[in-house]
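Engineer: From first to last, the protein sequence lines stand for chains A and B.
Using my numbering, read the first sequence as starting at 39 and increasing by one per residue.
Using my numbering, read the second sequence as starting at 14 and increasing by one per residue.
Hint data in this document are derived by calculation from the structure and do not stem from the laboratory.
Do not rely on the hints blindly, as some may be mistaken.
Under the rule of at most 16 Å between Cα atoms (straight-line distance), these lysine to aspartate or glutamate pairs were calculated in the EDC-like manner [unchecked claim]:
(1) B:Lys-130 to A:Asp-341
(2) B:Lys-356 to B:Asp-302
(3) B:Lys-304 to B:Asp-109
(4) B:Lys-130 to B:Asp-187
(5) B:Lys-460 to A:Glu-87
(6) B:Lys-215 to B:Asp-109
(7) B:Lys-130 to A:Glu-87
(8) B:Lys-194 to B:Glu-183
(9) B:Lys-304 to B:Glu-361
Covered stretches of chain B, going by a simulated chain A footprint (3 or more residues, C-beta under 8 Å) [to be verified]:
(10) 252 to 260
(11) 407 to 418
Predicted, not measured: the structure shown is a model, and the values here were computed from it.
Note that the Cβ used here is the ideal one computed from N, Cα and C, for glycine as well.
Given next are the chains, with one letter for each unit.
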Amino acid sequence: MTTTIATRFGQAVLVLLLAFTASFLLLQALPGDAILIKYQNPEMGLSPEQIAEIRLRYGADAPIWAQYGNTLVNFLQGSFGYSVQAGVPVNTVLAANAWPTLRLASLALVFAVLLAGLVAFAATLAPFNWLRNALQMVPSLMISVPVFWLGIMLIQLFSFRLRLVPIINPSEFQALILPVATLAVPIAAPLAQILIRSLDEIETQPFVAVARAKGASRRFVLWHHVLRNALLPVLTIAGVLFGELLAGAVVTETVFGINGLGRVTEQAVSNQDTAVLQAIVVLAALGFVLINLLVDLLAPLIDPRLNRPVGAKA
Amino acid sequence: MALLLGSVSTGAALAQDAPVQGGTLVYLEQQAHTNLYPPAGGFYPNSGILNQITDKLTWQNPATLEIEPWLAESWEINADATEYVFKLRPGVTFSDGTALDAAAVAKNFDTFGLGNKDLGYPVAEAINNYQGSEAIDPLTVKFTFKAPAPGFLQATSVIGSGIVAPSVLEQPYDELGDATKIIGSGPFVVESEVLGQSLNLKVREDYAWGPPNIGHTGRAYLDAIQLIVTPEDSVRIGALLSGQADFIRQIQAYDEAQVEAQGYLIHSAPTRGVNNNVTFRPENPIVADIKVRQALTAATNAGEIVSTLFSAHYPQATSVIASTAAGYVDLSEKLAFDPEKAKALLDEAGWVVGADGIREKDGVKLELSAYESLPQPQNRATLQLLSQQWATVGAKLNVLAGDSGSATQDNLDPLKTPLRPAMVGRADPDVIKSNFYPTNRDSLLQKGGTNPNATWEDPALNELLLAIAAEPDTKRRLDLTADVQAYLLDQAYVIPIFEEPQVFAGAPYVRGIGFDAVARPSFYNVWLAPR
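Model the full assembly from the supplied sequences, consistent with the hints where possible.
Structural biologist: Here it is in structure tokens:
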């Protein structure tokens, strides 16, 4: 077990280094850079000499390997540099925005799981065939609703028309309702779809037939036998969902005007605020690594078969 | 009071009620501020904050454009405008309690006028020919200039010349994105900030040094201002109309009717500078020919752009600068829409209509490109309509919307972008120099400007521009301003389209909103009437 964890840790470090390097190279390859975008702006009215001085001060024209080395060393020391656009250290930007995103994303995930479960069970247990078929289409509908549009519609309806939740100066709880709902819908869609599929598949397995033959009700079998087996594929897409959560947060945070990493990312992309983007890429990679590690450790608890060496089944 | 308003469409009849003290104004901004070093106040969100927390040496009366006392009680200017001596008002303090004295003012203008390489401060756009300062006594400060600087008096009134505590200017430029670090002497103080999301301003109880003619003395009526960044247009408008916000910035022309229909007010304030325009880069071989530039000017129907895309708050341009700007002359006959003349000029210049309707000369198509400018209202739609208008005379305009990196880089290359949308607001003739002079905004991309590879320049134009910035005689300076407007249009370097306002909307109970001479809002006089 210790070797497994050590190997996993080594892999994680490698993944992070690769993510850092790839993002560094990609950002270098883009036309222009943050300093150009900010200081070449005609509003600044700077002469070429002044801009050259600024570039020198930021080390923007240093050889690429030197910039890479500097950035990497700073990262290892926990310093992510300055946000050229916001005019504050990247650490300050992250400190102000990481927690709101984490809270939004985790609540949305919980809500999405509940929503997905609800849709999946309804689609599996509903009394009539036509109703089950109709409910099975709900996830496709949910995934095809643009997050942006959904957010605006929720605001228009619940905040401006029905006046149930204020969007300006909400309480901490009110501030989360609509964004969480907006973000949860597109996450719930793939979850529900996979859950429906695996519930269907496992229902056809022989052990279900055995349980049914013993007189267990459909509902009992679903809860006690099928669900446990159906959860595994859902868990394995958690990593993918994390990406979905980040992408959804970009739109949700912008529409709702709340701070968070999503909105910071959107602005950093449009201004090529390299230092911020670099930090976010590494953080996101860290998130993926941690989630996958967690999934790998949790999976055997749900399905003990995964612990057995391959081939023992035979 | 009505004079302070740029224009208010309805509800002005209520303006005579007595002001009420207290309350919090909820103000929705479209974008987060970037850097609150005062000379960086050209960006609307920055100036919206700076105007509440900093004061200036002088006040430009937005109704008369006269320069009036503010932190400076009086001033003397020598005959050739190379020496300015300001007498400061006694008893003014920054919000941290330190005195706003001659040394503090000197330190501010030394930084604005000369920059600070070690800390990364750029030179302020509004200040020309700056040499140095001297604190003669605690309330007297003298500025000297390398060459006449007639625009300096007005420059002491602009948003970019807000006075901050000297300690602010000892911090690296990069760190002034944090609003709580900006210590000014204004009627409001930054109390707290959630970076990129919201900012709370609190009234200064001991404030007693507003401009004499601004309408009242003493502290501001409001207790606090809550500024919330709300990027989405529909959310800002919805929040206003549902009573969740009191005042919002940036309304698109197509949303104005919806706001007014519900009894809310549109506040449109003029920026009084170089009009919203497209500027040619004459180094590009296609537009190097004056006939092509003249033809495209004649093919431009600015009236149609204004009436199709905008509202009554966006007057059609009749010169390079706005009709409300100092030194304006009406040159509308040089901007007349005349497609037949356009076609004739292009024929003369040797551009022949090809099979696809686009003109050609020596195998080159008459095809130009411009990047849309995001800060300007409906710029993409404006350029697209322009493109349709030009198509009718056989010229093609590609409207590009690249990422900001490509846009910035390509805009430095006249071959890639022979055309660029621009505008700049400042209520002084220096504004023309700001827009066109190579070491300023360099709209034409001349040699010695922002494009290091440029080879083209117009010495006659530059001489005129320098003369405006260095002519101490006011009458003569306004004549030069008239000359340069005519010159720019005779050379067809620029096609002015409309006079760009900054448009806000407010609830009917928000009273006393004021704007400075370039449309920056001031909340000093604002009070909330009972709803």
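Engineer: A separate judgement is required for each hint: does it hold in the structure or not?
Structural biologist: Do the hints match the structure? See the list:
no., hint, result
1, B:Lys-130 to A:Asp-341, "violated, 64 Å"
2, B:Lys-356 to B:Asp-302, "holds, 15 Å"
3, B:Lys-304 to B:Asp-109, "violated, 60 Å"
4, B:Lys-130 to B:Asp-187, "holds, 12 Å"
5, B:Lys-460 to A:Glu-87, "holds, 13 Å"
6, B:Lys-215 to B:Asp-109, "holds, 13 Å"
7, B:Lys-130 to A:Glu-87, "holds, 12 Å"
8, B:Lys-194 to B:Glu-183, "holds, 11 Å"
9, B:Lys-304 to B:Glu-361, "holds, 8 Å"
10, 252 to 260, "holds (count 5)"
11, 407 to 418, "holds (count 3)"
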